[in-house]
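Peer 1: Letter by letter, the chains look like this.
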Amino acid sequence: MSFIAAFEIINDTAEITLAGELDASTAPIFKAEIEKAIGIDIKKLILIMNDLEYMSSAGLRVLIFAKQKMGAKVDIYLVGMQEIVRDTIEKTGFHHSVIVSDEYPIN
Amino acid sequence: MLYFLKALNRIPKSRLSRRLVFVVFISIVIIEAIILIPSVIRRKNEFYDKLKNISEAQVSLIKDFRGSATNNKQIPVKCRVNNPIDCLVLQEFSQLKDFMAINLGGQLEHKVIGGAFYNKNGQLIGQFGEIPRLSFKQVEEKDLVKLAYQSYFDAAWTSQQMEGQYVLILRHDAATVSLELQAFIWRIVGLVIIISIFVTGGIWIALDPIAIAPILQLRKDLIHAGEAIVKDEQKPKFDSASIQRQDELGDVIAAFEKMFGQITQAISDRKKAEIALQKSLDTVKAYSDALDNELEKGREIQRNFLPEKILEKHNYEIAAFFKPARQVAGDFYDTFELADGSIALVIADVCDKGVGAALFMALFRSLIRIFSLKETETEILEAHTPINGSWIGKYKLTNLIHLNALQAVSLTNNYVAQNHGNMGMFATLFLGILEPKTGLLTYINGGHEPLFIIDRNGTIKEHLNSTGPAVGMLPDLEFKIKQTYLQSGQLLLGYTDGVTEARDRSGKFFSQEKLLFILQNRITSAQTLLNKIAASVIAHTGQAEQFDDITLLAIKRF
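Chains as they are written, first to last, in this note's numbering: chain A, 90 to 196; chain B, 4 to 561.
Some hints could be false.
[Stated by the list, open to error] Which residues of chain A face chain B? A few of them, derived with a C-beta cut under 10 angstroms, are:
| id | residue |
| --- | --- |
| 1 | A113 |
| 2 | S145 |
| 3 | K158 |
| 4 | I173 |
The set of hints was computed from the structure by calculation and includes no laboratory data.
A virtual CB, placed ideally from N, CA and C, is assigned to each residue, including glycine.
Looking at chain A on its own, in the form it has when it is part of the complex (with noise of 0.2 angstroms):
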């Protein structure tokens, strides 16, 4: 199964919509797309993950690599995970750093 990540800025967001399988192979891909919101001042990434059907490790160090880089002035917000992910995400841990919601943040 191939990965898409398609990556949009709007205002202060920087939104990236992942579909597919998020592997060693494709985390290339994702840290492609998060590299472009860093640098960039935005105040909120949303990365909307209802598609995302799998993920490995190798694709929560991008995520980890997106939190270190863009440090505690942006949130994080992981929406629509599908269970495999969320249980991946939740058994490291990593929850606890960024706002896990199943909806679309509306400010």
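Dock chain B against chain A, hints included.
Peer 2: Structure of chain B alone, referenced to chain A:
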């Protein structure tokens, strides 16, 4: 001359020339036949005209000298009219059949053999000799004055020619006409055959140098060219190359030369490309071999970061299984003894795979070991025992020792997050400290898969779930500590997600359910259990590529 003989010898063998010559021969024969038929007809008419001309001369002779030539000895012909003049004229004309045969060249002879004599009204005056088939009616009404019939020829002189009074029809013997005509036909046919033979023979001989010899040369050259291409030899000397011609055959030879050039060029180009490809393949292979070699070295070094020998402890059996997905792995396990005899158990999974994960594995493993083994307060107290022999104050020593060792987790977390934070590297890690005497287990599960405490019947007694986040993500994370007991006969099992997330060819996970299913059996030893799980995971993966490192660690208390 020699060439001519050689060519002549070659002709019958050449199918092409045989066919060409045959067609030419037949064409000539057909053309000659088309010309011959009208000329035979014309010739025949000429012969009849000759006969008629002679008869005409004789008739006019009789007319001019009427009476003088009368032969009295002649038996009179029967006269059918009463007019005596008419009867007399009949008698005179009847002499014609008695005239000598006249040779008209070759076998052709003139001889009148009969006749019929009419008056202008069509009344038959008399007949003599053989009676002509040509009738008065045909002569007068149809204006027919000549009629050839079998070996006879009838000719008529109309009333206008006979001074308006009579019609004379004479019958000639025409047998000699057919004879002479046959002779004529034979002459012509003979001539045709001779001409045909000469023409076709000429063409036959001329064909050899013009077409057959070059074609045979070209054939030989084609065979040579084919052999040269197959055997990959230099361009052979082509006989046909010496032929300089401006016709179609010349074009064919030129095209052949060009084609051979193109083929050899294409082959040589391909060969060059193959050599270049082989060269680059060799380079890639050498590079890949070198890389493999380096990875192999890395693998050996990494093995050194795993316990060389699994820890042996009285009353306990410890077993481990380790299978990296690539040469180097991100998973690791560790077993070592603390200063007070406690057993430290580590199972961890550094995120991602390959060389990067392997480097961090070495870092995590080393940090956990160093921080766990650092001098404890107890050791400090013992090293500085007061003069009275012992410290008076009571300490819950075990708890303290365990707590101290578990500090290794947060120390490692902070080290990695602070020094390598921008790499985003982390590890899910379980560190447990077991007091052998009591089975007291104090642990931190940093985001790792749950470990299981299983009794000897295969019933899971406890899940050692995550007590904190994965290690190394962010600085100053909180790792909570939990305690439990490993009772006699119980087994503690730890695994990495390489087990539950092992995939078969269709992408199906091995799953935790399947792992739990395997556990539901009587457990004899830690090693047997790990072997069973490993075999099942490997069987599940089958021909599919192993995605992640597979690590298992188990400790059984007797």
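Peer 1: Tell me if the interface restraint on K158(A) is satisfied: Cβ within less than 10 angstroms of some Cβ in chain B.
Peer 2: holds, 7 angstroms
Peer 1: Can we keep the A113(A) interface hint, with Cβ of chain B closer than 10 angstroms?
Peer 2: Holds, about 5 angstroms.
Peer 1: Close enough to count: is the Cβ of S145(A) nearer than 10 angstroms to one in chain B?
Peer 2: holds, 7 angstroms
Peer 1: With 10 angstroms as the cut and Cβ atoms as the points, is I173(A) at the interface with chain B?
Peer 2: Interface hint status for I173(A): holds (9 angstroms vs cutoff 10 angstroms).
Taken one by one, the earlier hints all hold for this structure without exception.
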